[in-house]
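Asker: Each chain, written out:
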Amino acid sequence: AQSVSQHNHHVILSEAASLELGCNYSYGGTVNLFWYVQYPGQHLQLLLKYFSGDPLVKGIKGFEAEFIKSKFSFNLRKPSVQWSDTAEYFCAVNAGTDKLIFGTGTRLQVFP
Amino acid sequence: GAVVSQHPSRVICKSGTSVKIECRSLDFQATTMFWYRQFPKKSLMLMATSNEGSKATYEQGVEKDKFLINHASLTLSTLTVTSAHPEDSSFYICSAKIGTGWRETQYFGPGTRLLVL
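Line order of the protein sequences matches chains A and B.
Numbers 1 to 112, taken from this note's numbering, label the letters of the first sequence in order.
Numbers 113 to 229, taken from this note's numbering, label the letters of the second sequence in order.
Just chain B, same shape as in the assembly (with noise of 0.2 Å):
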């Protein structure tokens, strides 16, 4: 089956760094992914739309400057957490898109934990 894989898994950082966290598609071509984050006991709020070899379709109330995606090839893509602080601490999660009309599916990576002390 279609599998996502995010790196790394869990990362705790200083406040004020930045932060890369990779999503892959391992055995399939991804033009388009999403990132979400999860808050605790919450739903997955979908932050941005990441499509490859354009610029990323950024949510309402999402700083683009703060959470900058790139999608370089068809099966990677990346969210960088620039300056991050302590309320930039949740669960991002990625998923890639197969697909299209009633064959589309997004299957999701396992997520990565921030904590940003």
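In isolation and in its complexed conformation, chain A is listed as follows (with noise of 0.2 Å):
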């Protein structure tokens, strides 16, 4: 069966720190592979999602992911965090089906 690992499930940092949120998936066939975020209060947002192509997807607010197909691996990155990024973050998976499979999320924390 299909699973989604994020390793980190609290991540604490400071304003400007990078921020590196890990998500491995387990499938051997191809795969669509999305990272959703959700602000305190707020639904589920999209962040970027990676469909075929260039493995190195930019999305909103300045974040990126790799997908690294050797590695079964799709980790989120931003360079430089802000407070405002405080959020809990979903990593997700579909494989040959509509069906979205979610990591546990991450929950990352800003300080100013």
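The set of hints was computed from the structure by calculation and includes no laboratory data.
Do not take every clue at face value.
In silico SDA-like cross-links for lysine to any residue, where the CA-CA straight-line distance does not exceed 25 Å [to be verified]: (1) B/Lys154 / B/Glu199; (2) A/Lys69 / B/Arg215; (3) A/Lys69 / B/Thr212; (4) B/Lys154 / A/Gln42; (5) A/Lys99 / B/Leu229; (6) A/Lys61 / B/Trp214; (7) B/Lys154 / A/Pro55; (8) A/Lys99 / B/Thr161; (9) B/Lys154 / A/Asp54; (10) A/Lys71 / A/Thr30; (11) A/Lys99 / B/Thr129.
Computed from a predicted structure; not experimentally measured.
Using the hints, build the complex out of the two chains.
Answerer: See the structure below:
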């Protein structure tokens, strides 16, 4: 069965620090990969997605993610975080269907 | 952008009663909607896929007779929690799919918090 792992459950950073959140998936075939963000009290929003082509995907708000097929990974990065990036981040995968399988999420806290 | 709404945003009910949650796509038509359940400090768990004009497809372990899904139009799907019990208390989130192929994206509603007393 497909699964998604997010190893960082809770990350605490100071503003301007660099961010990398890990995401690994288990599925041997073609996958589509997503990162969603859930700000406090708000609904899930799409940050970025990978379907094909350039494995380095740029999303909104300065976020990017790199798909490394050999490592089954799709890590999220941002060079300099802001206090407003405090949120829950979810990695998700779909493989051959339109169903999304979500990771357990990473809670990011950014302090000024 | 694509907006999905849910109603109600929160509901408190007595054990044994039924609760209906609505999910609407406000500015687009969605032949496919999804219902998720989110536990505290946990991920979203897909409950079922709701297809307009046909029966919903339930994930393994989800009781179809307890969680009734109706997708009567291209902009509305409803989830009815029948004979709710305290263990059904949770955060229920819907999403609506738009596009196909690389354009395919799910847009999520704000969620409905259900508390069963």
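Asker: Quick check: which numbered hints come out false for this structure?
Answerer: Of the numbered hints given earlier, those the structure breaks are 5, 7, 9, 11, listed in rising order.
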